[in-house]
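Engineer: Sequence:
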Amino acid sequence: MKNELDNLIVVKRSGQRVDFNEYKIVVAIKQAFDSVSSNNNEKNINIVYEEVISYIKENYFDRKTINVEAIQDIIETTLKKRKYFNVYKSFSEYRQKRAASRQIFKIKQQHKFIKALEKILEDDSLKNDNDYKAVDLITKYGKTIVKEFNKSYVIDNKFLRAHDEGYIYIEDLDCFSLGIFSNTHIILNEYLKREDIDYNLSLILTNLKKEINGALSIPAVDYLFEEYFLNKYKTLFKEIVSSNLKIAGFDLYININRIEEIIDKENNVYIDINNYKKLNISSNVKNIIIKSSKEALIKTKDKTYLIIKSMLQTLSNFKDSQVSFGSNLNETGMIINEIIFDLLKDKYNINIIYKLNDQNIKYLNKVHEVLINQNNISLSFENKFNKDEYEVEYFKGGVRIFENYHTEYKSSFGRSVLSSISINLSRLAIESKDEKISLFYERLDHYLDLVKQCLLLIFESIAGKTKANYNYLFNNNIFDDEKLENNQRIRKVIKNGVLLIGITGLKEAVCVLEKDSSKQEKLLIKILKYLNKKCTLFEEETKLNFQIYEDSKIDARKHFMTLDKSVFGIIEGVTEPNLYSLVSEFNLIKKDYKLLSKIQKEFIGGMNINLNIGSNLSFKSFESKLLKIKEDDVSYININIKGS
24 MKNELDNLIV VKRSGQRVDF NEYKIVVAIK QAFDSVSSNN NEKNINIVYE
74 EVISYIKENY FDRKTINVEA IQDIIETTLK KRKYFNVYKS FSEYRQKRAA
124 SRQIFKIKQQ HKFIKALEKI LEDDSLKNDN DYKAVDLITK YGKTIVKEFN
174 KSYVIDNKFL RAHDEGYIYI EDLDCFSLGI FSNTHIILNE YLKREDIDYN
224 LSLILTNLKK EINGALSIPA VDYLFEEYFL NKYKTLFKEI VSSNLKIAGF
274 DLYININRIE EIIDKENNVY IDINNYKKLN ISSNVKNIII KSSKEALIKT
324 KDKTYLIIKS MLQTLSNFKD SQVSFGSNLN ETGMIINEII FDLLKDKYNI
374 NIIYKLNDQN IKYLNKVHEV LINQNNISLS FENKFNKDEY EVEYFKGGVR
424 IFENYHTEYK SSFGRSVLSS ISINLSRLAI ESKDEKISLF YERLDHYLDL
474 VKQCLLLIFE SIAGKTKANY NYLFNNNIFD DEKLENNQRI RKVIKNGVLL
524 IGITGLKEAV CVLEKDSSKQ EKLLIKILKY LNKKCTLFEE ETKLNFQIYE
574 DSKIDARKHF MTLDKSVFGI IEGVTEPNLY SLVSEFNLIK KDYKLLSKIQ
624 KEFIGGMNIN LNIGSNLSFK SFESKLLKIK EDDVSYININ IKGS
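Numbering (this note's numbering), first residue to last: 24 to 667.
Hints should not be assumed to be uniformly reliable.
Straight line, CA to CA, 25 Å or less: simulated BS3-like cross-link-like pairs of lysine-lysine [as the list claims (entries may be wrong)]:
| no. | residue 1 | residue 2 |
| --- | --- | --- |
| 1 | K47 | K103 |
| 2 | K300 | K269 |
| 3 | K342 | K581 |
| 4 | K407 | K232 |
| 5 | K538 | K456 |
| 6 | K433 | K407 |
| 7 | K103 | K120 |
| 8 | K269 | K257 |
Treat the hints as calculated values from the structure; they're not laboratory data.
Take the sequences, apply the hints, and build the full model.
Structural biologist: Here's what the structure looks like:
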């Protein structure tokens with residue numbers, strides 16, 4: 024959208040000349056309002072912004088340049104005129120601080136980095152009574168410093184400008200340069216072989232979380248504990264049968280070692296007594312073996328219950344954590360699933376994902392019970408999109424890791440989301456609404472390329488770390504980490520991770536670009552296919568995994584909406600809510616699960632579908648809904664109880 028100010032040049036304090044950028048003005052006004060109150064200020068911001076822009080248009084239409092100080096003076100005058108006196112005072116004082124800071128710190132980065140200390144000084148957490156723990160405050164202030172360091176010394180200004188102006192949203196600005204990982208599906212198999220694991224699993228998870236900023240995921244718990252369960256059962260079986268035979272006096276003429284050899288060869292927990300016939304044992308000895316087996320099974324269940332309970336309790340202490348289970352349907356797997364269902368009768372502060380397939384539908388009643396107890400559960404459905412040689416694993420919000428540029432097979436285990444950056448498609452559509460749609464795609468190409476560059480910068484920042492920089496993470500927990508020597512860079516391992524491009528405001532973008540509702544579905548699919556094609560090109564160019572996902576987190580959606588509402592005001596059907604909608608909330612397709620399933624499969628990196636149900640929903644109604652959703656080939660759904 025062209026306007027009268029397109030040819031106006033802004034002269035910065037350094038003398039540098041740049042194109043006039045109206046979004047910088049709205050960002051400055053927004054920061055002033057936010058410094059006084061964090062409540063919804065968009066309407067007031069838009070009033071001031073429109074008046075400032077109007078003044079500049081009227082008074083600078085015949086000029087070629089405008090100074091930064093002049094723009095700031097106009098903002099101050101407008102705030103005063105509109106009687107936003109607290110905001111005016113905050114804005115004016117901020118200008119004075121910045122001017123003083125520029126005098127002291129001649130190097131630009133130093134001047135910018137001092138903002139970190141100012142933010143900490145402005146924080147009241149140390150001064151006032153609160154519920155913060157010491158470690159929480161240290162983490163909070165540490166993240167503030169890292170974030171400002173990244174903004175001053177690591178991230179290029181063009182990326183920060185796009186972030187601040189509401190075109191993109193960069194996740195993990197407060198930690199990526201430290202090499203701390205985002206969402207990660209951890210491999211724990213080697214740990215569960217340790218003899219001391221019953222007592223140390225909690226400590227192991229706590230240590231791993233120190234190097235993971237996002238969600239710590241324990242995938243396929245029913246498969247993970249299968250070997251542990253069998254080994255524990257065999258150990259207990261041998262101890263109990265030996266003790267019982269000695270008590271009965273049979274140890275004098277029975278070769279207990281031979282019995283133990285047969286136990287070691289058992290591959291499930293329900294013994295076949297015929298395997299012991301070759302020992303020529305009496306019926307009394309057979310009965311002792313059978314009784315010992317049952318006793319060992321009970322004790323194994325108890326020990327497995329306790330270690331999984333300890334795991335769930337530990338995960339509940341973390342900000343983000345999750346487990347998945349349900350698809351292991353052999354005898355041992357079914358026992359473990361029963362234990363998990365029993366444990367989930369208590370409430371845990373974790374994300375729970377149940378893997379539903381044709382064989383375990385009979386457990387939907389237990390899934391319904393978990394939902395009632397936890398108020399939330401997610402389901403992933405076995406289908407072609409979700410299964411290859413291995414099963415897919417999801418993170419909360421439907422984030423999906425499965426395809427891998429570096430392997431012929433698909434797998435989620437030991438893989439991470441390395442970074443994610445979202446694009447504001449609604450903004451691009453609003454700016455293109457009076458133009459040909461080809462110009463929307465041109466703008467989209469520009470920001471896709473910008474996001475790709477920023478993701479590569481973040482990837483290289485993490486990839487440059489060595490195994491020695493990590494105490495816990497690269498000990499058979501990450502896919503391919505056995506290839507790493509202690510002093511080697513982790514690039515060759517983390518290349519299996521995913522760089523996610525978040526799609527936000529797609530529903531609104533479609534509504535802006537295509538008014539005919541009968542054509543909106545086609546345009547939505549077309550845009551998604553276009554995005555996937557670009558990701559494929561990025562992968563071929565960089566040999567890294569680029570995928571699109573729908574960013575369902577509130578932060579990015581609110582960040583974009585707040586800025587767009589401040590700039591454009593209220594646009595019917597676009598900027599009316601407080602945050603941008605998810606595709607699944609589009610009235611056009613809201614309850615059409617077949618169509619949602621089709622769209623979901625275009626989001627290779629994942630798309631969330633929310634199902635909100637009443638707490639009094641009967642199991643029959645719940646089952647009917649879920650079977651219909653499964654029949655429509657949905658891949659992932661998050662179920663919430665309304666009002667919980």
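Engineer: For each hint, tell me whether it holds in the structure or not.
Structural biologist: Against the structure, the hints:
no., hint, verdict
1, K47 with K103, "holds (20 Å)"
2, K300 with K269, "holds (20 Å)"
3, K342 with K581, "holds (21 Å)"
4, K407 with K232, "violated (32 Å)"
5, K538 with K456, "holds (10 Å)"
6, K433 with K407, "holds (12 Å)"
7, K103 with K120, "holds (19 Å)"
8, K269 with K257, "holds (18 Å)"
Checked against the numbered hints above, the structure breaks only hint 4 and satisfies the rest.
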